[in-house]
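Protein sequences, first through last, are from chains A and B. With the working numbering applied, the first sequence covers 799 to 926. With the working numbering applied, the second sequence covers 799 to 926.
Treat the hints as calculated values from the structure; they're not laboratory data. A portion of the hints provided could be inaccurate.
Because identical chains share one entry, a pair is satisfied inside a single copy or across any pair of copies.
Cross-link-like lysine-lysine pairs, in silico, DSBU-like; alpha carbons within 35 Å at most [stated by the list, open to error]:
#1 Lys836 <-> Lys811
#2 Lys811 <-> Lys861
#3 Lys811 <-> Lys905
#4 Lys854 <-> Lys811
#5 Lys912 <-> Lys861
There are 2 protein chains.
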Amino acid sequence: MSKQVEFQSPEDKIIGKHVFGNLYDINPEDLNNEQLLKELVLNAVKIANMNLVEAKSWSFGGKKGGVSVIALIEESHIALHTWNEYNYATLDVYTCGEDSDPQAAFKFIVEALKPRRYQVFFADRSSS
Amino acid sequence: MSKQVEFQSPEDKIIGKHVFGNLYDINPEDLNNEQLLKELVLNAVKIANMNLVEAKSWSFGGKKGGVSVIALIEESHIALHTWNEYNYATLDVYTCGEDSDPQAAFKFIVEALKPRRYQVFFADRSSS
């Protein structure tokens, strides 16, 4: 029996890493700037060493309005939602594969948006 | 001072509820069926009392291939990613507002995909 069969490769599963958080007290002008937010997500994709499939953004009016940006990155995604009247945003960076770095993407967007405080969590989305 | 000013409405914040999980040992034929998976997500949107903005799906080939479905639901999203060779899927249902029920949407998709086992987690994505 070869070693390849005896010892399963550590990569022979789906390595899923999901970093997500809530960002408080951000400048509301930034949170209503759809173009800025979309660019932040697109730059985060590069910083995290991910491959973009498609990115879309939407702008919502009303008291609880804001912007949503969702990027599909092969088998994973980045989702940024903002509520400009609440100075509030949430960010999810969920990547698969050992080569990508969702924490770097999360950190990049937080540093750009400068929340006065934020929470960050990690969830293991691996297949075993 | 009026009562409206004295007592802030409990709804005067963003109520964010994020239910997410990892689903193991699913029939791989289902996990490669883009049309089925997109319909599941669209039905889950209705069951959870959410308003669809846009839904998209993508199919990926290769050893770690599968299907991704992402639905933007006003200020929130549903994301379903599958890996058919690993019989594996992950599901995120993230909703805002008191009227939506992300747990019902999560349960509906799990019951349709019949994983042999799954993990489910809850994250509070509220603005305060």
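Here is how each hint holds up against the structure:
1. Proximity of Lys836 and Lys811 under a CA criterion of 35 Å is satisfied in both settings, with 31 Å inside one chain copy and 24 Å between copies.
2. Taking identical chains as interchangeable, the C-alpha atoms of Lys811 and Lys861 lie at most 35 Å apart only when they sit on different chains, with a minimum of 10 Å there against 44 Å within one chain.
3. Taking identical chains as interchangeable, the C-alpha atoms of Lys811 and Lys905 lie at most 35 Å apart whether they share a chain (26 Å) or sit on different chains (25 Å).
4. When the C-alpha separation of Lys854 and Lys811 is checked against a cutoff of 35 Å, the pair qualifies both within a copy, at 29 Å, and between copies, at 26 Å.
5. Only within a single protomer do Lys912 and Lys861 lie at most 35 Å apart by alpha-carbon distance; the minimum there is 22 Å, versus 40 Å between protomers.
Violated hints for the displayed structure: none, as all numbered hints are satisfied.
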